[in-house]
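Between the sequences and the hints, there should be enough to build the whole structure, so can you do that?
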Amino acid sequence: MTEAFFVTAAELAYRGFDDLPRELDSSKHMIYSSPATLDFNSPGAKGFGVKRAGLVIPGSVMLLIAPGCCGRNTALLSDLGYDERFFYLMLDDTDIVTGRYVNKIPKACEELLAELDYTPSVIMLCCTCVDALLGTDMERVCRACYDKTGVKAAPAYMYALTREKRLPPMGLVRKSIYSLLEPQKRISNECSILGFFSALEDNNEIYALLQSAGIRKIHEIGRCETFEEYKEISRANFSIVLNSEARAAAQDMQERLGIPFIELTRMYRLDKIHNQYRLLGEAIGAAFDDSVYFESAKAVIESFKEKHGEVVFAVGESLNADSFELALALCEYGFKVREIYGTVGERNFVFVKKLAEISPETRVYSNLSPTMMNYQPDPCIQAAIGADACYYHKGIVGVEFNSEAQPFGYRGIELLFSQLDKALGERGEAYV
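Going by the numbering used here, the first residue of the sequence shown is number 4, and it counts up by one from there.
Straight line, CA to CA, 27 Å or less: simulated DSS-like cross-link-like pairs of lysine-lysine:
1. K425 with K308
2. K151 with K107
3. K425 with K397
4. K339 with K356
5. K357 with K339
6. K356 with K301
7. K110 with K151
8. K155 with K107
9. K310 with K339
10. K155 with K234
11. K425 with K301
12. K339 with K308
13. K397 with K339
14. K234 with K151
15. K188 with K234
16. K357 with K275
17. K425 with K310
18. K397 with K308
19. K310 with K275
20. K425 with K339
21. K308 with K357
22. K339 with K275
23. K310 with K397
24. K356 with K308
25. K356 with K31
26. K301 with K275
27. K301 with K357
28. K155 with K188
29. K110 with K155
30. K188 with K220
31. K234 with K220
32. K301 with K339
33. K308 with K275
34. K356 with K275
Listed next, with one range per pair, are the computed distances between beta-carbon atoms:
35. M93 with K310: 54 to 60 Å
36. E185 with D292: 36 to 42 Å
37. Y17 with S215: 44 to 50 Å
38. E305 with D86: 44 to 50 Å
39. Q379 with D28: 21 to 27 Å
40. G71 with R146: 23 to 29 Å
Rather than coming from a laboratory, the hints here were simulated on the basis of the structure. Please read these numbers as outputs of a predicted model, since none were measured by experiment. The beta-carbon is built from N, C-alpha and C at its ideal position, and this holds for glycine as well.
Next comes the structure, spelled out in structure tokens:
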């Protein structure tokens with residue numbers, strides 16, 4: 004039996020990003036959609052995939068334009084309360100071969116509106132790989148829908164084929180959901196936070212730090228309850244991007260609305276978090292004092308280590324972190340990371356190189372490799388982080404760390420270690 008493919012951090016760093024093993028490049032092999040990866044592998048699957056993300060605009064509805072096979076997992080949205088906001092234009096073989104369905108879309112939008120007893124804020128047109136292959140001009144289709152109905156339309160590209168391109172589906176949909184914002188007078192003491200579809204966790208320190216710098220209103224799409232609140236995002240004097248997949252959206256807002264942006268990265272290393280806040284303060288003309296938050300997070304890490312010792316972790320990628328950055332942070336704090344299940348990209352390869360210096364034997368697996376069907380858990384691993392890592396290690400302590408309230412900065416560190424402490428404590432009590 005073929006074993007699950009892995010490569011060590013040392014070997015991966017030695018080979019370099021331009022010479023990744025083919026098993027880590029999903030474009031060079033069949034893709035394995037295991038139960039461990041279903042909530043992130045497909046841009047239309049569970050969590051905030053393209054379909055649910057497109058409905059984050061308050062008052063929006065969505066028309067899925069697709070063959071039946073692409074709509075099969077949409078039933079998951081019904082469990083989340085989206086069933087009355089979701090509609091279908093199902094395509095048959097002739098539609099796809101001839102492309103005739105494109106002319107049906109404005110009429111379908113008109114029929115959709117006739118079914119509703121209210122006027123939606125926007126109709127999101129969710130298109131699939133069919134349109135990626137045909138090269139459908141969805142911007143033109145959206146204009147035709149507006150001319151037909153008087154209601155704005157915007158595209159939501161569920162293009163799984165472009166997952167590893169420069170602008171993947173989740174980057175495209177972020178750009179699309181902010182595309183309806185219109186220019187208005189910017190207010191100097193307001194800013195927006197871009198990057199996630201849900202809001203940051205309520206107790207995140209970034210709110211207090213920005214308020215200390217005189218910011219009185221912080222816009223987040225995840226906190227918008229009405230379309231009017233959504234439109235207020237364009238009043239922001241500047242944007243803070245917390246996820247690189249929102250960069251294209253921020254660039255578009257800068258060009259169309261004149262709103263500059265500052266990009267931060269979600270990290271779990273204390274010194275890097277501190278440095279980012281210092282740079283953010285310099286950029287907006289403020290001197291942030293984050294010492295209280297720094298020391299609090301540091302104390303949480305030290306307390307955890309004193310209580311549980313040198314824990315051996317497996318780190319997945321279905322979680323609110325970059326697998327490799329989090330693994331690097333854990334190793335720098337004195338823990339061990341035996342395995343990582345993650346997608347190696349150009350942005351996070353820098354973490355791979357640093358990880359190779361302090362934990363060269365850490366194994367890197369690809370969730371999408373068909374060889375993962377033969378994965379056998381390593382008995383040395385004591386705790387798993389991430390929904391996928393928990394799936395592979397059902398018999399040990401695990402935290403999915405994948406809540407919709409987004410962690411960031413020092414607060415993210417505290418949340419992670421508090422969840423791990425609770426899980427390890429409960430497992431210990433079970434054996435008393």
